[in-house]
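A.B. asks: Please work from the sequences and hints to get the whole structure.
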Amino acid sequence: GAGVSQSPSNKVTEKGKDVELRCDPISGHTALYWYRQRLGQGLEFLIYFQGNSAPDKSGLPSDRFSAERTGESVSTLTIQRTQQEDSAVYLCASSSTGAALHFGNGTRLTVT
Amino acid sequence: KQEVTQIPAALSVPEGENLVLNCSFTDSAIYNLQWFRQDPGKGLTSLLLIQSSQREQTSGRLNASLDKSSGRSTLYIAASQPGDSATYLCAVSLISSGSARQLTFGSGTQLTVLP
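Line by line, the protein sequences give chains A and B. Using this note's numbering, count along the first sequence one by one with no gaps and you end on 112. Using this note's numbering, count along the second sequence one by one with no gaps and you end on 1115.
Treat the hints with care, since some could be wrong.
To be verified - Subject to a maximum C-alpha distance of 25 Å in a straight line, what follows is the list of computed DSS-like cross-link-like pairs (lysine-lysine):
1. B:Lys1042 to A:Lys11
2. B:Lys1001 to A:Lys57
3. B:Lys1068 to B:Lys1001
It is worth saying that the hints were derived from the structure and are not from the lab.
C.D. replies: In structure tokens, the structure reads:
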């Protein structure tokens, strides 16, 4: 079946602009995660959604970052007033409760 | 705060060799542990998931073990092939308050299998 889909696959934006990244999880997966991976570095947790529970936003690096998810469907990660330090690959993953995570191919964000 | 460490950071072996990748974590109150591989420019592919009540999981040439008390997991790859070349990441899910469980990733082991 279809895996986790992320769009766009690549995004180049100017410093100060807002960007919106999209994640379509696997159908039926209640959990959805966003991670950030800077070049040559490990994965950095951003935010976690589980069903209708309040999201775990503890990983969001600043108030410029926000994410939404409606029910158990699509999620969007929004970065306002982008900075060069925001350049990274943003990875989305979904899972059934307690099961293995399935990752999308990520969105490569470049802030010029 | 959970910390996950992977040793070695990089490993190069000849084709056909058996190898072991190591992962250690500081907080033993884990929900599960997962091993992934990441190919350059790609997302992560799940390899094995071990629940906290399990000791090991096997899939093909891969075997992952879990020792919660010592805070360690190993990924054993038998008869390595050039196609196994990738970065291998382990990630630990903690039992945290409420229903949210976030994964903490190690920094990975970059494996190169030489033909």
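A.B. asks: Lys1042 (chain B) and Lys11 (chain A): Cα distance at most 25 Å?
C.D. replies: Cα-Cα ~15 Å, so holds.
A.B. asks: Lys1068 (chain B) and Lys1001 (chain B): Cα distance at most 25 Å?
C.D. replies: OK: Lys1068 (chain B) and Lys1001 (chain B) at ~16 Å, within 25 Å.
A.B. asks: Quick one, are Lys1001 (chain B) and Lys57 (chain A) close enough, alpha carbons at most 25 Å?
C.D. replies: holds, 16 Å
Against the hints set out earlier in the document, no violation occurs for any number.
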